[in-house]
Structure formats: C-alpha cells, structure tokens
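Enquirer: Chains P and S supply the protein sequences, listed in that same order. Residues in the first sequence are numbered from 1 upward in steps of one, following this note's numbering. Residues in the second sequence are numbered from 1 upward in steps of one, following this note's numbering.
FYI, nobody ran anything at the bench for these hints, they're computed from the structure. One thing to keep in mind: the hints can contain errors.
As the list claims (entries may be wrong) - Here chain S is said to cover these stretches of chain P; the calculated rule only asks that three of the stretch's residues, wherever they fall, bring their Cβ under 8 angstroms from a Cβ of chain S:
hint: 1; segment: 79-93
hint: 2; segment: 152-163
hint: 3; segment: 200-212
hint: 4; segment: 371-379
To be verified - So the derived list for chain S, only partly shown, Cβ under 10 angstroms to chain P, looks like this:
hint: 5; residue: Pro32
hint: 6; residue: Leu35
hint: 7; residue: Lys36
hint: 8; residue: Val132
hint: 9; residue: Tyr134
hint: 10; residue: Gly174
hint: 11; residue: Phe178
hint: 12; residue: Ile180
hint: 13; residue: Arg227
hint: 14; residue: Gln229
hint: 15; residue: Trp235
hint: 16; residue: Leu239
Said to hold, decoys possible - If we take Cβ atoms under 7 angstroms as the criterion, some of the chain S residues that face chain P in the derived model are:
hint: 17; residue: Pro41
hint: 18; residue: His78
hint: 19; residue: Asp130
hint: 20; residue: Ile205
hint: 21; residue: Phe215
hint: 22; residue: Asp224
We put the CB at the ideal spot given by N, CA and C, even for glycine.
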Amino acid sequence: MADGDTQVPQLDDPLQIPCIKPGAMEGLQPFLASPEHNKALGFPEELVPDWKEKALAKMAELAEKNRAFQVYLDICVKCGACTDKCHYFLGTADPKNMPVARQDLLRSVYRRYFTFAGKYFPWLVGARDLTKEVLDEWYSYYHQCSECRRCSVFCPYGIDTAEITMAARDILDAVGYGMKYSNEIIGKVHDVGNNLGLNPKALRATLEDLEEDIEDETGVTVRIPIDEQGADILLVTPSADFFAEPHIDGLIGYAKVFHQAGVSWTLSSYASEAANFGLFIGNYENMRLVSQRIRKAAKDLGVKRIIFGECGHAWRVAYSFLNTLAGPWDFLDPNYPVPQHILEFTWNEIQQGNLTFDKSQNDHMTLTFHDSCNVARGSRMGDMPGGQFEIPRNVIKAVCNNYVDMDRDTTHESTLCCGGGGGLLTDDLMDLRIKGASPRMTALQQTTEEHGVTHLAAICAICKTQFSKVMPKYGYDMDSIVSVHQLVSNAIILDGQETEEDATA
Amino acid sequence: MLSTIYALLFYVATILIVVGVALKVRKYAVTPAPLKIPTTPAPITTGGVVLRMLREVIFFESLFKSNKWIWLFGWTFHMALWLVIIRHLRYTIPGTTPFWLDFLQPFGKYAGFAMVLGLAGLWARRFLVDRVRYISSPSDHLILALLLAIGLSGLTMKFVAHTDILAVKAFMSGLWTFQINRLPTDPFILIHLALVITLMIVFPISKLLHAPGVFFSPSRNQVDNPREQRHIAPWAAELEK
Ligand code: HEM
Ligand code: SF4
Ligand code: SF4
Chain P
1 MADGDTQVPQ LDDPLQIPCI KPGAMEGLQP FLASPEHNKA LGFPEELVPD WKEKALAKMA
61 ELAEKNRAFQ VYLDICVKCG ACTDKCHYFL GTADPKNMPV ARQDLLRSVY RRYFTFAGKY
121 FPWLVGARDL TKEVLDEWYS YYHQCSECRR CSVFCPYGID TAEITMAARD ILDAVGYGMK
181 YSNEIIGKVH DVGNNLGLNP KALRATLEDL EEDIEDETGV TVRIPIDEQG ADILLVTPSA
241 DFFAEPHIDG LIGYAKVFHQ AGVSWTLSSY ASEAANFGLF IGNYENMRLV SQRIRKAAKD
301 LGVKRIIFGE CGHAWRVAYS FLNTLAGPWD FLDPNYPVPQ HILEFTWNEI QQGNLTFDKS
361 QNDHMTLTFH DSCNVARGSR MGDMPGGQFE IPRNVIKAVC NNYVDMDRDT THESTLCCGG
421 GGGLLTDDLM DLRIKGASPR MTALQQTTEE HGVTHLAAIC AICKTQFSKV MPKYGYDMDS
481 IVSVHQLVSN AIILDGQETE EDATA
Chain S
1 MLSTIYALLF YVATILIVVG VALKVRKYAV TPAPLKIPTT PAPITTGGVV LRMLREVIFF
61 ESLFKSNKWI WLFGWTFHMA LWLVIIRHLR YTIPGTTPFW LDFLQPFGKY AGFAMVLGLA
121 GLWARRFLVD RVRYISSPSD HLILALLLAI GLSGLTMKFV AHTDILAVKA FMSGLWTFQI
181 NRLPTDPFIL IHLALVITLM IVFPISKLLH APGVFFSPSR NQVDNPREQR HIAPWAAELE
241 K
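Using the sequences and the hints, build the whole thing.
Expert: And the structure:
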C-alpha cells in the first residue's frame, strides 16, 4: 500500500484503547528476501520443500538453546495485561497485534507438536497444525512487531514478545522465508562494513566535506578522523550518521565534543556501522559475525576505548551483548566500561566542566525527548539503573533552555516505539509505520498544545529516520526531529570559535 | 472401596504433579539464556534481583503497573489461595496442629470468599473485555471453572452442608503413612477432592506452570551487569573455538 492511502489514526489520548477489529492488518507483508541475500547469510535461498519439518526442528532447537523462548511459551496465563500495551495494536486495532495474540500465533503451533495437551486435546488449548497459511500469518504479523519490549514491562512474568518475534523470524529464515529489508542490509555489512554499502573512499570524502562545513561555520578546524592507527577511542556509529538528516548533525556534535575534550579518536572504515540487524532477525550467528567486525577494528587500530554513537538497537547490542558476542575486552583500557555511549562521554565532560555552551543557540526550539525503546528497556547508561533516562535529559537540559517531558505513561520504561524499529523501517511497511507511530505522535501533540513543544529529540538512527518520514502526517515539519548531539553541536562553544558576540563586539 | 479409589488417585496425582513439575523445572534450569535480556531498568546486583522477584511474586508489581482490575482480582485470588492452602494443612497433617496454624484459621475461613470473588472477577473479564475474550481458549475458561468449583464446594461444606471433618482429617493424614481410613461419602467432599485431584494432574501440563516458571524468566531474574561480567552460553562458547 502506498503511504498516501493510509488512514492516519486520530487518537484522543496516546494510550486510548480501540475496540478490536479482526483482520484489520491481515495480509500486510514486507517483500521477501531474494535468493542471493538469503544465501549470503547462510539461509536457504527460498522456501524449502520440507519447510514444515525444518521449521519444527528449528523450533525444537530454539527451545533447547534459549530459556526465554521455552519459558515464555509455557507460562503465559492469558491474563490480558499486555493486550493494550503494543503501539501497533493501539494504532491498527488488529487483535493479532496484541502481544499475547502475537505470541499465540507461534505458541499454538508449539503446543500442537511439543506439549501433551496440544497433542491430544488441540481444541482445548487453542493448538493448531503448522500449515502454509500459518506460515504466511507468521510472516505477516511477526513483521508487525518492532521488538520494542513494551509488553515485557507490563507482563507479570516479563514475557517479552520481542523474544518470540525474533525466534519466529529465525525460524522463517531457517526455511528460506526471510524478509528483504533486514537480510539485504546484513549482507551489506558482511560485504562492505555498513548498512548503506558505503565504501571507504566514499566515506572518507564525506567526512572531509563535513570537516570543511564545520570549519566554515565555526572557524575552527575540527577533525573527523578515520582509520587512524593508535587513536585512543574508536567511535562506532550508525552509518546513517554519515549522510542522513538529522543524523549527520549529531555526528558533527560528537566531533565537536571530542575536539573540545582534547581526546584522540577515530572511526573505522572496516567497522563503519553500529547497527546490527542480526538482532532484528533473531539470528545469533549473524549478530555475532557483525559484532566481531568491531573487535577486529579495535585490535587493528590499537585503540584503548570503544564509544558508540546515537543508535537505539545498536546500543542494546553494544551494552547488553557485545561482551558476550565479541568479548572479552581485556586488551582495552580497564579504566573505562566497554563499550561506552557517546552520551556517557559527553555528560562526563559536562560534569567535569570541560565544555562551555551558549544555550540560547537552541532558544528557537521547545524540546521534548523520545526515549528509544531499545535504550530504555534493553540497556543502561552510567552507574545506576535508569541512567539511560537521566543522562540524555541531563545533556539536553545542559544545552537547551526549553525542555518539557511528554506524558509519563509514554516515556522512560513505558516509552512508545517510533513505529519503525525492529527491522520495519522499509517503505513496503509504510502503512504500518504510520499507524504504529500514532500513540507517540499523539503524546507529542499533547505537549505541543500544552507547552508549545516544537521539536522532538532522539538518540536512535531508526527513530530519526522514521520520524522525519511520519511526522509530516501528524502536522509537523520533517525537520522537527533532531539529534541530541545536534543540540550539543548548536550550543557548544569551541576554543577559538567566532561567536556572534565576537562579531558584534 | 470409594476410600481406596480416592487414596490411589491422590497418590497418582501427587506423583504426577511432583515429577511433572520437577521435570519442567529441570528443563528451565538447564536451558541456557544466551544473552543478557533483563527488562531495564533492572537491578545491578543479585540482591536487587531477589528483591525485584519478591516484589513480583508477593505484590504482582508489574501487573499493578499494567492493569488495576486484573491486579485487584488476580492478587486477591492468589493471596486468598495461599491462605486457603495453609489452612488446609490442618486437615492433612496428622495429630494436633501448631499454634500459628490455629491462629490463621479465621483468616483462612474468609479467604475462601475472597478467592471465589477474585476468580469470578477474572472470569467475568474473559467475557466482558473484547481483547481478553479474543485471547481466551476453552482451557482458560475451564481452569477458572475448576478453581471456582473447588472454592464453592469447599465453602458449601464450611457454611452449608457440613461434612464429617474429623473423618476427612483421618483419611488425609493417614495417606502419609499409607493407611487408608474411611472417607465420608457425602457428595460435596467427593466432588471437592475429585476436583483437587484434577487440578494436581493438570498442573504440570498447563499454564499453571507460571508458578515455578516466573522464577526462570530471564527478563526478570537477570542482573544488569553485562559490561562488567561476560555472560556466555555453553553452546555459544563452542562457536568461539
Ligand atoms: C509463585 C506462585 C504464583 C505466582 C507468582 C502467580 C502469579 C500469577 C499472576 C501474576 C497471574 C496473572 C494475574 C491473574 O490473572 O491473576 C496469575 C494467573 C493465574 N494463576 Fe497464578 N501465581 C502463582 C501460583 C498459582 C497457583 C498455585 C495456582 C493454582 C493452583 C495459580 C492459578 C492461576 C490461574 C488459574 C491464573 C489465571 C487467571 C485468569 O484466568 O485470569 N497460580 N498467577
Ligand atoms: S501479560 Fe504476560 S501472562 Fe498476561 S497475557 Fe500477556 S504475555 Fe500472557
Ligand atoms: S515487542 Fe513491542 S511491537 Fe512487539 S508486541 Fe511487544 S509491544 Fe508490540
């Protein structure tokens, strides 16, 4: 469906619960991965003839290898507490987008083949055979979940539908029924080193242009080094930071902070991507291979620390999984956590008093902050639980005068997904992306009405791209979404920088 | 004759629930969690995780944040259930009861009503709320019906049609030493015990596994310390060779 056809949902309240509309999103499917893409990732090229046996075998394998999958399939009591927690349900009203119903698409098959009750009394426990229709239903609805974990916060047992979605996608890939968007991108990372397929030469040219822009703007030479042997810090950032708006303004912000802090740092053309779509397809092996690139880059360049740029799921993989997937990091400087988030670095420099700001540079905006789901519910920053909420807000408040939060039920651990996460940031799912964004957009509209909020700040490459695309549907300009380090970049005063006061004095 | 059948059924049901739950618990315990996936913000120490878990199982903390009605009915039902179970020890342990059990008696007596009300509320939701109706299978209704029937048959004996409770106690406590004493034959005690036996049998093959399972949920029982401590599953360590 082209995005022009989408009925943009009108909600009175961000968390308004719709009456269920069975079948509302039936049949919505992203494009299938092509044979080459599947092959490159080690999956069958297309749907294998014995897909049923293979799918069940994979399901059994995952139940052996992953406790979450096994336990979550067994213990859901169908209490219904999660039913109104998914932004895709709130935005589409399709009951299969209720977290428990989404899990049940797979649980019903698990019960049929792997539990006593489902084998002998399938009708009693809602168990069903694995048929091609079921497989297609999986393909459809497991690509209507952004793996945001909001449901997991509210389930009395922490059942995380994202884990079931990842397992389902892993099963689909195992039978040659994967999706184009994610698989194509992972292939590019394996081949070239980043999601965009930017080669080192093009990357270097882009960075040089950026250095010139900064110099033109500030009169100060700020470097954006790449592949610099012996630098202290390796910065790994989403490749969208190299060319997309508003991401690129964030990259300029990191460069200015590093410059002002006086540290030596570098990007790597080999590991020129923080994103790790292996997470989205729930495939441990691919996620591990992508992560290993960072280990190799860190070793080859001889760095002492690793810092990640603004990206939500990348930070989850980095913070929560990198030690598992690519550690141990005993060859790096033990005085710093591995890895660190750029906001941890910037906030630390601010606290040390190493940065000076002219906050009025952001006075044309009134800001609010969108907690990205993977950062909020799958990671941490700083030393204390919840640092992932405080540190970004602290940094924003240090560089802006006008800041307000959105409704507390839609921020922090209860944050609403942007609608484009988890491997759904593709045009073939635009209808879903627009509808799924409606709870977040409604919360934003409330702050606009009540507090005159003009801009939304985010720390995730996917959120930024998604918002710049869908915000116009909700009455905002596409540049109403800003990077947090873009705000830092606006306000920071570099040593030797010509400020407006200098010019007028 | 009837006493013997009930006695045998109790033994079979006990074996099934004990062995069934033990096998499941072993499965949960040996299956590795390959990645650190606590739902954050999460405790950063083991002590913190113990507290988080206690808050979940004692207060149903997440459920409280989630839905006040389900919490009200669900929490009432569960807490009443525990009181009722404790109260029943009086009928199942041989000899005189310890003083704390006697102390709990009056509370247990009214807990039966709370349990039934909680269950009725939960069941009503399965009809009244369109989302919950959509996700309910026959088994979800039946388990509530079963528990409700246990509660109602029990309350009937307590407040309406008394049974010979001393004989029941003799029968139940005799089972520990493989003595089959005579069980009263009034319908309510027979129904009540048959339903309890059914509950014990379905426990390990149904969603009642949530009781042991909740302790194995990685999103709730993991410590948030991935940068400090490397976490790796045995099968994943193999990939590194
Ligand atoms: C560690 C012990 C237990 C914990 C932490 C626990 C927790 C919960 C929670 C949080 C719910 C969801 C809310 C609700 O619907 O009530 C639930 C549901 C349920 N529990 Fe438990 N439970 C435990 C033990 C038991 C036991 C021993 C039984 C029965 C013998 C039981 C029977 C049920 C039933 C039938 C439901 C579903 C209620 C419905 O249909 O809505 N639970 N439990
Ligand atoms: S909240 Fe948890 S237990 Fe309740 S229906 Fe949802 S997934 Fe199942
Ligand atoms: S993980 Fe997020 S998108 Fe997926 S079912 Fe849960 S709330 Fe919905």
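Enquirer: Next, verify each hint and record whether it holds.
Expert: So, going through the hints one by one against the coordinates:
Closer than 8 angstroms: that is the beta-carbon criterion, and the segment 79-93 of chain P has 7 residues meeting it against chain S, so the requirement of 3 holds. Proximity of the segment 152-163 of chain P to chain S, defined as three or more residues with a beta carbon under 8 angstroms from a beta carbon of that chain, is established by the 10 residues found. For the segment 200-212 of chain P, the stated coverage by chain S is not satisfied: 0 residues place a CB nearer than 8 angstroms to a CB of that chain, which falls below the threshold of 3. Only residues whose beta carbon comes within less than 8 angstroms of a beta carbon in chain S count, and the segment 371-379 of chain P has 4; three or more means the coverage holds.
Because the closest C-beta pair between proline 32 of chain S and chain P is about 6 angstroms apart, less than 10 angstroms, the hint holds. Among the interface hints, the one on leucine 35 of chain S holds; its C-beta lies about 5 angstroms from the nearest C-beta in chain P, closer than the 10 angstroms criterion. For lysine 36 of chain S, the interface hint holds, the least distance from its beta-carbon to any beta-carbon of chain P being 5 angstroms, beneath 10 angstroms. The beta carbon of valine 132 of chain S is positioned within 10 angstroms of a beta carbon in chain P (closest approach about 4 angstroms), and the interface hint is therefore held.
A hinted interface residue such as tyrosine 134 of chain S counts as satisfied when its beta carbon comes closer than 10 angstroms to some beta carbon of chain P; here the least separation is about 5 angstroms, so the hint holds. The interface hint given for glycine 174 of chain S is violated, since its Cβ lies 31 angstroms from the closest Cβ of chain P, which is over the 10 angstroms cut-off. The beta carbon of phenylalanine 178 of chain S is not positioned within 10 angstroms of any beta carbon in chain P (closest approach about 29 angstroms), and the interface hint is therefore violated. Nearest Cβ of chain P to the Cβ of isoleucine 180 of chain S: about 30 angstroms, over the 10 angstroms cut. The hint is violated.
The criterion of a C-beta within 10 angstroms of any C-beta in chain P is met by arginine 227 of chain S, whose closest approach is roughly 5 angstroms, and the hint holds. Checking glutamine 229 of chain S against chain P: minimum C-beta separation of about 8 angstroms stays under 10 angstroms; hint holds. At its closest, the beta carbon of tryptophan 235 of chain S sits 6 angstroms from a beta carbon of chain P; the interface hint therefore holds under the 10 angstroms criterion. The beta carbon of leucine 239 of chain S comes within 7 angstroms of a beta carbon in chain P, closer than 10 angstroms, and the hint placing it at the interface holds.
Checking proline 41 of chain S against chain P by beta carbon gives a least distance of about 4 angstroms; that is within 7 angstroms, so the hint holds. Below 7 angstroms, beta-carbon pairs count as interface contacts, and histidine 78 of chain S has none with chain P, the closest being about 10 angstroms; its hint is therefore violated. A distance limit of 7 angstroms between C-beta atoms decides the matter here; for aspartate 130 of chain S the minimum to chain P is near 5 angstroms, and the interface restraint holds. Nearest Cβ of chain P to the Cβ of isoleucine 205 of chain S: about 5 angstroms, under the 7 angstroms cut. The hint holds.
Interface hint status for phenylalanine 215 of chain S: violated, as the beta-carbon distance to the closest one in chain P is roughly 9 angstroms, over 7 angstroms. Checking aspartate 224 of chain S against chain P by beta carbon gives a least distance of about 6 angstroms; that is within 7 angstroms, so the hint holds.
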